[in-house]
Structure formats: C-alpha cells, structure tokens
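Following the hints, complete the assembly by docking chains E, Y, H, L, P, C and W onto the known chain G.
There are 8 protein chains.
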Amino acid sequence: MAIQTPLVGIVMGSASDQPKMQAAEIILDRFGVPYESNVISAHRQPEQAHEYSKLAEERGLEVIIAAAGRAAHLAGVMAANTILPVIGVPVHGGHLGGADSLYSTVQMPSGVPVATVGIDQATNAAILAVQIIACHNPELREKLRSFKQELSQGLKV
Amino acid sequence: MAIQTPLVGIVMGSASDQPKMQAAEIILDRFGVPYESNVISAHRQPEQAHEYSKLAEERGLEVIIAAAGRAAHLAGVMAANTILPVIGVPVHGGHLGGADSLYSTVQMPSGVPVATVGIDQATNAAILAVQIIACHNPELREKLRSFKQELSQGLKV
Amino acid sequence: MAIQTPLVGIVMGSASDQPKMQAAEIILDRFGVPYESNVISAHRQPEQAHEYSKLAEERGLEVIIAAAGRAAHLAGVMAANTILPVIGVPVHGGHLGGADSLYSTVQMPSGVPVATVGIDQATNAAILAVQIIACHNPELREKLRSFKQELSQGLKV
Amino acid sequence: MAIQTPLVGIVMGSASDQPKMQAAEIILDRFGVPYESNVISAHRQPEQAHEYSKLAEERGLEVIIAAAGRAAHLAGVMAANTILPVIGVPVHGGHLGGADSLYSTVQMPSGVPVATVGIDQATNAAILAVQIIACHNPELREKLRSFKQELSQGLKV
Amino acid sequence: MAIQTPLVGIVMGSASDQPKMQAAEIILDRFGVPYESNVISAHRQPEQAHEYSKLAEERGLEVIIAAAGRAAHLAGVMAANTILPVIGVPVHGGHLGGADSLYSTVQMPSGVPVATVGIDQATNAAILAVQIIACHNPELREKLRSFKQELSQGLKV
Amino acid sequence: MAIQTPLVGIVMGSASDQPKMQAAEIILDRFGVPYESNVISAHRQPEQAHEYSKLAEERGLEVIIAAAGRAAHLAGVMAANTILPVIGVPVHGGHLGGADSLYSTVQMPSGVPVATVGIDQATNAAILAVQIIACHNPELREKLRSFKQELSQGLKV
Amino acid sequence: MAIQTPLVGIVMGSASDQPKMQAAEIILDRFGVPYESNVISAHRQPEQAHEYSKLAEERGLEVIIAAAGRAAHLAGVMAANTILPVIGVPVHGGHLGGADSLYSTVQMPSGVPVATVGIDQATNAAILAVQIIACHNPELREKLRSFKQELSQGLKV
Amino acid sequence: MAIQTPLVGIVMGSASDQPKMQAAEIILDRFGVPYESNVISAHRQPEQAHEYSKLAEERGLEVIIAAAGRAAHLAGVMAANTILPVIGVPVHGGHLGGADSLYSTVQMPSGVPVATVGIDQATNAAILAVQIIACHNPELREKLRSFKQELSQGLKV
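Going down the list, the sequences are from chains G, E, Y, H, L, P, C and W.
Take 1 as the starting number for the first sequence in our numbering and just add one per residue.
Take 1 as the starting number for the second sequence in our numbering and just add one per residue.
Take 1 as the starting number for the third sequence in our numbering and just add one per residue.
Take 1 as the starting number for the fourth sequence in our numbering and just add one per residue.
Take 1 as the starting number for the fifth sequence in our numbering and just add one per residue.
Take 1 as the starting number for the sixth sequence in our numbering and just add one per residue.
Take 1 as the starting number for the seventh sequence in our numbering and just add one per residue.
Take 1 as the starting number for the eighth sequence in our numbering and just add one per residue.
Simulated from the structure, these hints should not be mistaken for laboratory data.
Please note that the accuracy of each hint is not assured.
Unchecked claim - One-sided excerpt, in silico: chain Y residues whose CB lies under 7 Å from chain H:
1. 38
2. 43
3. 44
4. 48
5. 60
6. 70
7. 71
8. 76
9. 81
10. 100
11. 103
12. 104
13. 108
14. 109
15. 111
16. 112
Remember, it's a predicted structure, so these values are computed and weren't measured experimentally.
Cβ coordinates follow ideal geometry from the N, Cα and C atoms, glycine included.
Only chain G is shown next, with the shape it has when bound in the complex (with noise of 0.2 Å):
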C-alpha cells in the first residue's frame, strides 16, 4: 500500500474476503491508485461502519468498495451516510447460488444508489473505482485506454 492518501476506500465485512479482494488490490497497484483496506462488518461492528463512511469524503477518499456476503448490507450502509460513490461486491456466501448477496447489494431504494458489479469480482469493482477516479485525470484514462488495448489482445485479469 502506498504512502499516499488514499483514494479508494475497500471495506469487507469479514476477513475471509480478503483472499477474494486481493484482486481489487492488483488492480489498483496496477494503475498507480493509492488505496486503503479495512475489515469493517456492518452488523458486527456498525459503529465503525457508521464512522468510516461518515468521514470517509473529508479523509479524502474519492470512493468506496464495499464487499460482503448472504444479507449483504455493508455496501448500503456506506451509501447512506456517504455521497462518494459506492461500489458493492456480492460475495458469494455458500447458499442460494450467491443471489442473496447480489440482492441485498443492489435493489436498493429509491435515493441511495451502490454501484454493483458481478457476484465475487473483485477485479470490476477496482477497475471501475479507477474509472470514475479517471474522471478529470488524463493520465489515468490514458492507462484506461492501454489496459483496455491490451484487454483486446488477451491480457487475463
């Protein structure tokens, strides 16, 4: 991790995610993105949920992965106290097939809207944080362009 602030926030509910989020934190290296990566439940630790997003936009933080399984509310609970945008990982749990987690990550209501990319990916929900991070940053968009290229030639991530 970087010594630079860091402008992607990744929580996880629980610290048998880590294994899966390390792909968020390959992509992010790749793309010169500093980033930080916190355990953080929802329900287990809500005060520190609370926390995190409520002061995640003055700690500098650009946006947040939020990454969870089954009833999978941590990415919810950063959205509503936040106005970064905030992208949900389902992380399959074991049961139903993963669309417990996929559910509870994206049919939010009405107002507070997650970014949600596929069941345990990861690696989309990172390139999609450089994406909007890339927003007025020429140079990250110009590594967009070769990363995409060198997609298109059979680059696996």
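The following block gives chains E, Y, H, L, P, C and W in isolation, referenced to the frame of chain G:
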C-alpha cells in the same frame, strides 16, 4: 395507540409500507400490547435508524419489528445496534417474487440474528412479538392460548 | 448439558443435522442458558413431534429451536402446537441452493409464526433464543451487551 | 357429494383454496368416485389435521388429496400419519412464483413421500387419485381409457 | 429381481441414473414387490419409451416409476400413454440446483398427472409405489404399518 | 396460410397458445415462407405428436416450431423423432416466472437439441426458422438483410 | 434538455423504456447536469450502439447510463467500447421476476465492469451518475449533501 | 480442423471455455462438417467480435456457435450483426446455478433470435448446427438418420 410505554417498536422503511403494517397493529391492539409505529429508512435516514436502535432498550422497548422491501436492510441495522430481539418483515417490492427482500432480511451473518417471518407477514411478526413478551407474562400467555384456540375454530387473521 | 431445567429445546429433523446444530449448543453454553437437544423428525416421528411441542410449555421450556432440511416442516409443527416462540433453522439439504428449506420454514400462514434465521445459522438461532429469554433477565442482558462488544472487537462466532 | 363412503379425502389449508379445489371435485364426480372435502389447516388446526390423517385409513379413505400454499405442510402432515398415498397440491400464495408451496410440498424426507402435482393443479390431483383407486377396479380403468381417448380428441379439463 | 410378474416398472433416462435408482430397488425388495428396471431415454429412444408406456398396463404393471434429469420428460411421456399412475423422480443433473428436472417433471398440463417426489428421491418413489399397490392388498398395508413404526423408531432409509 | 407445401410446421400444446403464436405467422407471411399451424398436445395427444414429428421430414417440412408451457415437452418430443431442426418456444403458463417452461424446453440431454428462443418469443422463433431455411436460398437471405436493415431503422416486430 | 454539452448519455434499448427512464432525467435536471437521451438497441442497431460507445468519450460524455430488459446487453456493449464508467439499469421485461435483466447486466466478465443499479431504478442510476461527476466538482458535491439532507427529511424520489 | 472452408464458426468468450467446447468439435468431426474455433470475448474484444460476425456470411460460414458464461453476450453480439443462424451455448460460470448465462443467452429481444441449447451443451450445439446445414444436404441428412439410430441403440455423446 395506547398511552402506556410502548413495548414493541414497529419501524418500516417507507410510508408506503404502512397499509401492510396495519395488520401488525391490529394484532398488538387485540393483545393489549402497547406499541409505537415509525417510518425510518435505513438508507435515507441512517442517523435516525442508528439512534432508534441504540436507544430502543433504554426507552423500554422489548421487541422491534422492522419491515422493508428490496435490499431490506432495516431489520439488520436494528439488530446491529441492540440486544433486543428484532423481527424482520420482508416486504414484496414488486420484483424477483419478493426473494430480494426475504434474502436481505434473513441471511444475516453469524452473531447478529434477525427473526424473519414470511413475505408481507405483518400479522405473524406481531404474534411473534407477543409470544416473546409473554415469556414472563402469564396473562399474555393465557391470551395466546385463547387465540390459538380461536384459530383452531376458524378465526381469520 | 447442565442439570438445570432446560429453557431452550433444540430439536432437529435428522441425526445428520447434529454437527451443524452444535454451533447452537456452543452459544447456549457460553451464555449459561440450559438446554436440551433431541432428534425428532416431523415426518417420521409425528407423534413425538406432536407431543414434544404440546408439552414444551409445561415442561418449562421458554423457546424452541427447530432445524430441518428440504420440505422443512419441523419448526412449523412445533409452532402449531405451542404458544412459545419457535425459531426455525433451515438446513441446506443439497438441492435448490437451500431455497427449499428456507421457504418451507419462513413462509408460514397467518396466525402461526416461525422466527426464521439464515440457512444453516444455528449460531444465530441460539443468540436469538438468548435475546428472547433475556427479556426479563438483567444478567443475561448484560452478557448480551458484552457479547455485542466482543463481536465489535473481532470475536468470531 | 355422494352418500357413498368417500374414497378420496380432499383437505385444504384454507377456505380460500376452495374455488381452486372445485376442479378436483368436478373430476371425481365425473368418474363417480365418492369423496369428501374439508378445510383443515395444518398450522391453525394441528389436532384436527393429526386426527384426520390418523383415522383416514380406518374410515375407508383410499387416497388423500392435500392442498396448501406458501410453507405448505398439510400434505406432509397427512403423509406422516397414514400409510395411504397422499397427493399434494401446491397452491400459489402470491409470492416467489409459487416456488415456496412447490418446494414445501415435494421435497419430503426419505421415508415419507408426497405425490406432488403441479402448482394449483387440483384437476391432476383428482385424476391421479382415480388412477390409484383404479388399480384393482376394471370399471374405473375403462373410464380412464375413455377419458384419455376424449383428451386426445380435444376434451378440455 | 424376483421371477414374479413385475408390478412396478422402473425406467430411467440414462444409465448414469442407475446408482441413484438402486435406492428404489432396495425398498421394493424389502416389501417383496416384484419390479423390473430399464434404461430408456425419452429423447434418444422415443420408440421404446412410447412402446413401453403403451404396453405397461397389459403387461401387468401397476405403477411406473420414471427418473430423469434436466429437461426431464420421461415421466411425462409415460403418463401420456398409460392410465397407470406414473411416479416421477427428478434427477439433479448438475445445474440450476435441480430446479430444471423438478419443474419439467411436476408442472404437467391438466389431464395428465405425474406423481412427483423430491429431487433424487428414489426411495420415496418406491414407497409411494408400494402405498399405491397396497390399496387392495391387506398384507402390504400391514407391512407399510410396520415400516412406519420402524421409521418412528429411527430406521434410516 | 399459402397453398404451397409448408416448409415450417408450427405446433403448439394448447389452443390457448394461438394468440401468442400468431406473431410467428406474421413473420413467416412477411418473408413468404409457407407454413402450417396445428394444436397438438404432447401429453394429451401423444400419438398425434409422435406421428407428426416422424412424418415431418417426408412431408417436406424443413423446420418445426414447437410452443408449450409449464412442463413444456412438445419441442422435446418433436426433436426426439425427427432430424429436422426443432425450435422451442417456452410459453409462460402463469407460475414460476416462466422458468418452468424455459427449463423444460432448453435443458435437453446430449444428442437431441432444441433450439430454444426466449419466453413467449414466437416472433424470434419464426425469424430463426427463416434464417435456417435461408441457408441455401439467396432470395430469402436478401430479404433477411433488408429486414435487419429495417430493424436498425426502428421497425417494430 | 439543456443546450450545454451533455455529460451524461442515457441510452435505452427500446422506446418502451422511455417512461421508466424519465425518472433519471428528473434527477439530472434537478442537479443541473446536462444530458442527452437516445433509444439505441444493442441487438437491432449494433452499429449505432458500437459507434455511440466509441465516440462517447471524445464527445465529452463523462458517464453513460444504459437501460435494457431481458437479455440486457446494452450496458455491456457500451462498457466494451469505452473507458467511461457505464451504469446499467436492468429493466423488468415481464418474465422471471426481472432476474434475466439483472443477471445480464451485472454478471460482466473480468475486465469490463458495469455499475449496476436495482431493477427499473432509473432514479438511482442518475444519482450515481451525479456522484461520479461530482468527484472533482465541489458545487455538485454540495448539492448532493443537500439532497441527502432532504432525503433524510422525507423527500420522495 | 479440415482444410475445407469452414461452415461452422465456433466462438467462445474465454480460453477457459475450450475444454467444454471440444465436445462440439468432436461432433462436427464425426459428421465431416468443416469448422473453425476462435476465442473472442464480446466484452474484451468488441472490435473482433463485431468484425467476425459481420464477415461471417461472406466468409462462407453457414452457422455460428457462440459460447459464453455469466452475462453471456457473445451469441447476442453475433446475432446482432449477421443473418446467419446463431446457436448460443450458456456456459456455467460458477454462480446462480448457471441461470445467469442461460437468461443472458436466451432472452433476446424481438427481431434478433439466438438458438439456445442447454447449459454447457456444446454437443447439442454442434448437432443443431449439423441439422441446419443438412437442410439441403441429403448426405448429411442420411448421416443424421444413422446418428439418431445409433443414439436409440445406446450411443453415448
């Protein structure tokens, strides 16, 4: 609503849930259990939801009934912040047959249970609340026995 | 199992559910709540299931936890015959992602609730049982507060 | 309903199922198979359900048709208490596309089968009952052959 | 397999279903009900399937058990061509949690029922077949009563 | 219907499917592809279904479109008895969101494909039939190119 | 539609999606974010879809919102051809509870994310677009804070 | 792969689909139908996918088989750009039981059909391709008749 201190706190994620939740109020009235009803969205009003659940116990509530649709996080938010039993009512929001609300309510992570009843089952949420409160209340237990007797004789609820 | 009169009656539909249900026993032991565990199939031993649920209240039980898989009727049979709160644990039986057990447990008709927890969530069933029993038990409430505190500090259950 | 001893016992979980179950009565009338119809809820009237199924055989019934919705336990309760073949009709209760009723009816544990027909398929339940009774009844078999012939010529049921 | 005329005809869509269907043979052997077993694919061997079902009655069969996976048409093809009761066993083919086999077997159109048992439930298919044959067979009924008694005492099937 | 020998045989499981299947006839008329339409139930009229599919090739048909609902076996029965390409239209029968028809049509076993289109997609079934017939018909290919051009300009089908 | 260069490009697969997508336009108007709306079908107008997405960045768009139903590929086609963040709105097309649109939109392969919002959630798509554009726009961030405040006070969107 | 001009173009979204798609090649080899196989991702290589489908007809291909998983757009992209029949193979990507791939492939909008086969059914895709090409090829029809005969005698494919 009685002037007694409420023992059951009904919260619902949207004012549009009120017609469905009146079925719970009818049951609680029938059993003479004092309650209060509030519309609090876990996502649009996270502070209020946070506060409500944290103060519930000291305000004298004994059970919380939380009803919400789609990515139904309200019951989970309540359960995260209180040691009171929280009953979740998944409200059918119009898509996925109601599976989204059900999965979001019931599939809670280890450590933070939500006592989930059937989709749109406000009636059963209230009966369950009465059963819980009746634990050390012989009079309420007697009423529950009569109620069960009436059910067996064809009473519609 | 303590020599005290059990307050929680754990029943499960098959001996094969026992390894999963030990998680409930660990929680009840932790909180010092006396319990008993029995294998009773709603379908293969209907008389026993019928009797168990009818006698539960007078035997001093305060909560029943019923775990079963597939067409999981055990919790419903219990709830039909007692005014005690019945907690249902849908056990994943290998097909349909566990939706069969979940739907069979949670979608109870008006008048007869089952407090359903997540698929295979014996731990949460037990915590919910403790929360219910704690209603008029300040000592147990205090233990629940400590438990919640420990959860927020990373305790795994 | 004929004055003959009924051979088929139709039970349904709610009076609201009666319009759907009339389709079964029409078929049984057509084949001249005597039957009886009763509303018995497995959950609201467990004693009656228990008694009905235990006495079915000695009362001369040869087949039971049980219809119920949502967490549809009625057929399972019948099957638990009798050695007669039990036909289950999953009734669509308005949620989950009817999957809740279907799974609750068909996914019975080893040892206790329920002969499940399609969702809301009272007609097929009755035809299946006739097929079972026809096992040693040449006249009924002949009627079934004629019926099949009529079906192939466009008869609507 | 006994040298008696078979009363139950077991057909399965693929030789790969044989290990699962042995559970049905064990039950029929236990009850002394003569049977035969054949692999006939409704789709790869439509002539044989057609013939088998059309000749079943005159060959003396009283019940057909048909097991198939995925788009499981075998039971339906049987039911289309015979007035005998046809029991369908949906075999889990590896996708969709087994819902494909279940829906294909159970959701039959009006006029042509299939008595569907649970996914992979060969055991229950055989018990149901015995229950049907027992209709006018006091000895078999007695065996079923004993079997039910043994089940209630913990017999595993 | 033209007096030319039909190239496409439309079969549907129930007369109630006719309104939906008219969309296929409109497409075939537009492309000048002669066709015939018949109501044949795989389950109520197995002989006719059997015969139709066995004679289809020698009668000059080049493609079969089979539409059916619920346990939708009609396309599978056709495919079992002919080497012609068979297009399956899963018809939504009112339950399970249409998943029953879809799974019953598409999940065919190895060796016997059904070319499945979307639920209730009679239009696409007909276009696919034209695409298949156009394989060696330059005039029809030209019409398909024009049709695709019109679609891109906003033509509604 | 403002005369400013649009920052958000709304595309939808069918003119029939327009009523639902007006909810997005209302939000963008409220925040003063210029946008454009076009009906482009990924399947009927692949050239236009291809061109639109390839030119989006150089035309000055910062975010694309793509709405489509059933096999909803429009958002995926957009995401394949641009480095801009693409927000997908799964439109309920009448079958499968909307699961078809949702799965087609969200389950993107590694390398090409679509930021998916809830079924028919045009409102949330627009809010998410504003959140993304606000990344380096303090005025827009301030408006988002006010909006969040209004939501918490009961504003309906 | 033969040196003849390929008639069938197999495309798959990922190199990881190759082991599954070899089953299609085995069938095409058996029938002597020349083919080519390419890995082209609709999302990572949209230009190639676009080009491939637009040139398919003039390159002499008669049928395209497209296999992809999750949000499986490859077959749809092919179908959007060619008048050739396109066969879609939904590949199970590990979540949701394969329903994501199936729905994304089959639920195409009016005007642009994809001939969908079962999940992971590369074998059936190839047989369907042969059936289509055989339309005006008596020799290939004869081979299909022999193949069907062999299937009925137990040939495994």
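Verification of the hints:
no., hint, verdict
1, 38, "17 Å, violated"
2, 43, "4 Å, holds"
3, 44, "5 Å, holds"
4, 48, "11 Å, violated"
5, 60, "22 Å, violated"
6, 70, "4 Å, holds"
7, 71, "4 Å, holds"
8, 76, "5 Å, holds"
9, 81, "5 Å, holds"
10, 100, "4 Å, holds"
11, 103, "4 Å, holds"
12, 104, "4 Å, holds"
13, 108, "5 Å, holds"
14, 109, "6 Å, holds"
15, 111, "5 Å, holds"
16, 112, "4 Å, holds"
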